[in-house]
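Enquirer: As you go down the protein sequences, you meet chains E and C in turn.
No gaps in the numbering here: position 318 of the first sequence is 931 in the working numbering, and each next residue is one more.
No gaps in the numbering here: position 360 of the second sequence is 973 in the working numbering, and each next residue is one more.
To be clear, the hints were calculated from the coordinates, so they are not data collected in a lab.
Don't take each hint at face value.
Identical copies carry no separate label here, and so any pair may be met within one copy or between two of them.
Dumping the calculated SDA-like pairs for lysine to any residue here, alpha-carbon to alpha-carbon at most 20 Å [as the list claims (entries may be wrong)]:
id: 1; residue 1: Lys673; residue 2: Asn654
id: 2; residue 1: Lys908; residue 2: Asp680
id: 3; residue 1: Lys864; residue 2: Lys918
id: 4; residue 1: Lys772; residue 2: Ile851
id: 5; residue 1: Lys772; residue 2: Val860
id: 6; residue 1: Lys772; residue 2: Tyr752
id: 7; residue 1: Lys772; residue 2: Pro852
id: 8; residue 1: Lys772; residue 2: Asp704
Quick caveat: nothing in here was measured; it's all calculated off a predicted structure.
Residue-level listing of the chains:
Protein chains: 2
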Amino acid sequence: MNAPLICSLLFLLAANLTITTAVPPKVHSDGRVTFRIDAPNAENLQIDVKGRTSNANDRKPFDMKRDESGQWVFTSEPLDPGFHYYLLFMDGYKFADNTNPLYFGWARPTNGIEIPDSSLDCYLPRDVPRGEIRIVPYYSSITQSWREIRVYTPPQYEKDPRKRFPVLYLQHGSGENETSWGNQGRAGTILDNLISEGKCNPMIIVMEEGYAYTPDAISDDSGRRVNSFEKLLLEETIPLIEDRYRVLAGKEHRAIAGLSMGGGQALRIGLGNFDTFSYLGCFSGASRDIEDLVKDAKQVNRKLKLFWIGCGTEDFVYERSLAVRSELQNKGVDHEFYSHPGTHEWQSWRLHLSLFAPKLFNP
Amino acid sequence: MNAPLICSLLFLLAANLTITTAVPPKVHSDGRVTFRIDAPNAENLQIDVKGRTSNANDRKPFDMKRDESGQWVFTSEPLDPGFHYYLLFMDGYKFADNTNPLYFGWARPTNGIEIPDSSLDCYLPRDVPRGEIRIVPYYSSITQSWREIRVYTPPQYEKDPRKRFPVLYLQHGSGENETSWGNQGRAGTILDNLISEGKCNPMIIVMEEGYAYTPDAISDDSGRRVNSFEKLLLEETIPLIEDRYRVLAGKEHRAIAGLSMGGGQALRIGLGNFDTFSYLGCFSGASRDIEDLVKDAKQVNRKLKLFWIGCGTEDFVYERSLAVRSELQNKGVDHEFYSHPGTHEWQSWRLHLSLFAPKLFNP
Numbered sequence: 614m615n616a617p618l619i620c621s622l623l624f625l626l627a628a629n630l631t632i633t634t635a636v637p638p639k640v641h642s643d644g645r646v647t648f649r650i651d652a653p654n655a656e657n658l659q660i661d662v663k664g665r666t667s668n669a670n671d672r673k674p675f676d677m678k679r680d681e682s683g684q685w686v687f688t689s690e691p692l693d694p695g696f697h698y699y700l701l702f703m704d705g706y707k708f709a710d711n712t713n714p715l716y717f718g719w720a721r722p723t724n725g726i727e728i729p730d731s732s733l734d735c736y737l738p739r740d741v742p743r744g745e746i747r748i749v750p751y752y753s754s755i756t757q758s759w760r761e762i763r764v765y766t767p768p769q770y771e772k773d774p775r776k777r778f779p780v781l782y783l784q785h786g787s788g789e790n791e792t793s794w795g796n797q798g799r800a801g802t803i804l805d806n807l808i809s810e811g812k813c814n815p816m817i818i819v820m821e822e823g824y825a826y827t828p829d830a831i832s833d834d835s836g837r838r839v840n841s842f843e844k845l846l847l848e849e850t851i852p853l854i855e856d857r858y859r860v861l862a863g864k865e866h867r868a869i870a871g872l873s874m875g876g877g878q879a880l881r882i883g884l885g886n887f888d889t890f891s892y893l894g895c896f897s898g899a900s901r902d903i904e905d906l907v908k909d910a911k912q913v914n915r916k917l918k919l920f921w922i923g924c925g926t927e928d929f930v931y932e933r934s935l936a937v938r939s940e941l942q943n944k945g946v947d948h949e950f951y952s953h954p955g956t957h958e959w960q961s962w963r964l965h966l967s968l969f970a971p972k973l974f975n976p
Numbered sequence: 614m615n616a617p618l619i620c621s622l623l624f625l626l627a628a629n630l631t632i633t634t635a636v637p638p639k640v641h642s643d644g645r646v647t648f649r650i651d652a653p654n655a656e657n658l659q660i661d662v663k664g665r666t667s668n669a670n671d672r673k674p675f676d677m678k679r680d681e682s683g684q685w686v687f688t689s690e691p692l693d694p695g696f697h698y699y700l701l702f703m704d705g706y707k708f709a710d711n712t713n714p715l716y717f718g719w720a721r722p723t724n725g726i727e728i729p730d731s732s733l734d735c736y737l738p739r740d741v742p743r744g745e746i747r748i749v750p751y752y753s754s755i756t757q758s759w760r761e762i763r764v765y766t767p768p769q770y771e772k773d774p775r776k777r778f779p780v781l782y783l784q785h786g787s788g789e790n791e792t793s794w795g796n797q798g799r800a801g802t803i804l805d806n807l808i809s810e811g812k813c814n815p816m817i818i819v820m821e822e823g824y825a826y827t828p829d830a831i832s833d834d835s836g837r838r839v840n841s842f843e844k845l846l847l848e849e850t851i852p853l854i855e856d857r858y859r860v861l862a863g864k865e866h867r868a869i870a871g872l873s874m875g876g877g878q879a880l881r882i883g884l885g886n887f888d889t890f891s892y893l894g895c896f897s898g899a900s901r902d903i904e905d906l907v908k909d910a911k912q913v914n915r916k917l918k919l920f921w922i923g924c925g926t927e928d929f930v931y932e933r934s935l936a937v938r939s940e941l942q943n944k945g946v947d948h949e950f951y952s953h954p955g956t957h958e959w960q961s962w963r964l965h966l967s968l969f970a971p972k973l974f975n976p
């Protein structure tokens with residue numbers, strides 16, 4: 614008897630689950646994107662999508678229009694190459710299209726769209742040895758909660774169980790979390806590609822959530838709770854990683870970097886803990902006055918093997934980054950400043966990682 | 614100068630991102646749950662939530678009601694202990710509340726709610742050595758696409774780099790994917806707990822997406838595309854795992870199990886590949902006629918070290934599972950049949966895994 618693989622009950626259930634009229638956004642050859650949402654009874658529908666069509670400081674959602682079929686449609690202006698978040702608004706309510714891919718950003722799971730980039734391919738998967746990203750649960754005594762660290766290990770880690778590796782601590786931006794560098798940042802793919810080309814030393818990358826609040830965290834003058842991330846990283850994350858993985862010991866084998874808010878954290882932590890880190894990367898995050906961070910330029914120059922700053926010329930923190938560069942120049946602090954056409958988005962940070970990682974852990 | 618950690622621009626952005634009036638569902642002591650959605654301008658809002666209040670065959674979303682504050686509110690009847698999916702409908706449009714946790718189920722990222730269970734704690738994290746779940750990318754020649762496998766490795770894997778481990782291949786149900794056993798199933802936590810108690814041999818668990826379509830997949834008589842998952846598992850997944858990880862070779866070190874649709878897959882693959890697997894687990898999936906799968910009871914008894922079937926007595930496949938048990942008894946096929954109060958939901962499958970895993974890989 615040629616019975617079906619799964620009984621009909623299970624398939625009734627399955628069929629019901631997979632019926633959806635939602636369609637992936639269509640990316641046109643010129644970078645415009647057509648979004649379609651099948652919500653025929655909605656009163657109005659709007660979409661908030663980044664790109665040249667909008668900017669971080671003066672951004673309003675765009676109205677979608679209902680077409681003859683009842684679907685809501687919006688076609689954007691050409692968007693910059695790379696990754697852009699988008700979210701939907703229905704009658705003022707903010708939500709995501711959960712029939713299309715979601716990424717943690719904008720402080721919640723958020724839709725993302727990828728515009729092909731003819732000038733950058735470092736983040737596209739290739740037929741090379743692939744590493745992996747591990748989800749590592751641990752209980753934090755500082756936040757008094759279970760947390761997860763994401764840990765990239767290169768293909769060499771599993772291949773050679775005697776080898777030890779240096780570690781890059783790599784932080785996300787505001788509203789993102791420990792998953793963001795791996796998912797929308799493609800950090801693992803970027804490293805796999807660089808390593809396979811011999812451009813980069815195999816290394817472990819540790820990605821933590823950059824928010825760490827104690828249960829009794831008090832608010833500062835601006836009403837924000839005090840973030841204990843630096844304490845968590847130094848007292849819990851690094852010891853856990855060094856206890857658990859085959860890492861090379863010592864500050865010459867540790868780097869810290871981050872993007873935007875995480876770039877600010879990297880600046881503060883890197884410049885404040887010379888005995889822990891030798892390499893410092895700040896991606897679109899050199900937006901603060903560094904007067905209080907650099908007390909002694911000679912010490913910075915002696916202690917850091919690399920102080921790298923990257924920023925796109927169309928990034929809203931670019932002007933501020935130039936001011937930081939001037940401050941560093943005036944103080945005589947050795948650093949590399951890399952600017953490029955680019956905005957405050959993931960395509961810039963993928964580029965930054967692909968340029969920064971090859972400079973790490975070279976004797 | 615006591616400059617703020619992050620420049621004001623970045624914080625304006627961050628502040629805008631974190632403003633949300635959404636609240637987590639409130640679980641009452643009797644298992645009722647109050648859901649609140651802040652969508653004051655919606656015309657109507659409904660919620661589809663599993664549990665005793667509904668069943669898989671005759672399930673309709675419940676109407677939410679707008680309260681004085683403008684929030685939409687629904688309080689369920691008491692829900693069974695354990696994990697339940699839920700989704701929202703606004704004016705007929707199906708979506709998730711992406712300010713609350715999402716899990717891949719119902720063929721998309723879907724909300725989930727956890728009702729405490731006074732009788733089962735195997736899935737709650739404890740202060741014991743923790744393993745990890747790895748995200749492993751690979752290119753499939755069968756589907757001609759990049760896929761990801763989730764691989765649980767026990768704490769012993771990293772601790773002792775010379776030790777080799779047996780492998781359980783563990784499949785999700787219909788509408789779920791490779792993330793589901795780790796996230797809503799808590800497979801890693803369950804194993805960590807069992808191993809720490811000495812109840813279970815340390816093992817690797819491999820979780821694949823149970824859907825694998827070739828680009829030219831044809832449809833069968835019922836209009837469904839032919840799923841090449843068995844071929845993918847045998848020809849790509851297992852070789853990849855055995856090449857990449859320190860696994861014990863040989864069929865006596867391999868088990869296959871799955872839930873619901875994945876239980877059907879485990880039945881078919883386990884009973885069809887005696888030289889590959891020695892242990893077979895079918896969780897709420899013994900719903901098919903097994904006449905064509907069991908040609909020779911003596912061979913099954915000789916080849917399989919364990920044939921385990923679990924099903925809740927309130928599961929909609931329970932009657933069918935009893936019929937399968939009778940078939941097996943009539944044919945003289947050795948098996949263990951475990952029934953318990955429980956439905957076709959994750960609490961049953963967490964229980965099944967916690968009972969099945971300790972029976973594996975004992976000499």
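Enquirer: Against each hint, give a clear statement of whether it holds in the structure.
Expert: Status of the hints after comparison with the structure:
1. Lys673 x Asn654: Cα proximity of Lys673 and Asn654: across copies only (19 Å, versus 23 Å in one copy).
2. Lys908 x Asp680: Answer is neither: 61 Å inside a copy and 57 Å across each miss the 20 Å cutoff.
3. Lys864 x Lys918: Cα proximity of Lys864 and Lys918: one copy only (10 Å, versus 51 Å across).
4. Lys772 x Ile851: between (24 Å within a copy, 17 Å between copies)
5. Lys772 x Val860: Answer is both: 15 Å inside a copy and 13 Å across each meet the 20 Å cutoff.
6. Lys772 x Tyr752: Only across copies: Lys772 and Tyr752 sit 19 Å apart there, 29 Å inside one copy, limit 20 Å.
7. Lys772 x Pro852: between (24 Å within a copy, 15 Å between copies)
8. Lys772 x Asp704: This pair counts as neither: shortest intra-copy Cα distance 54 Å, inter-copy 54 Å.
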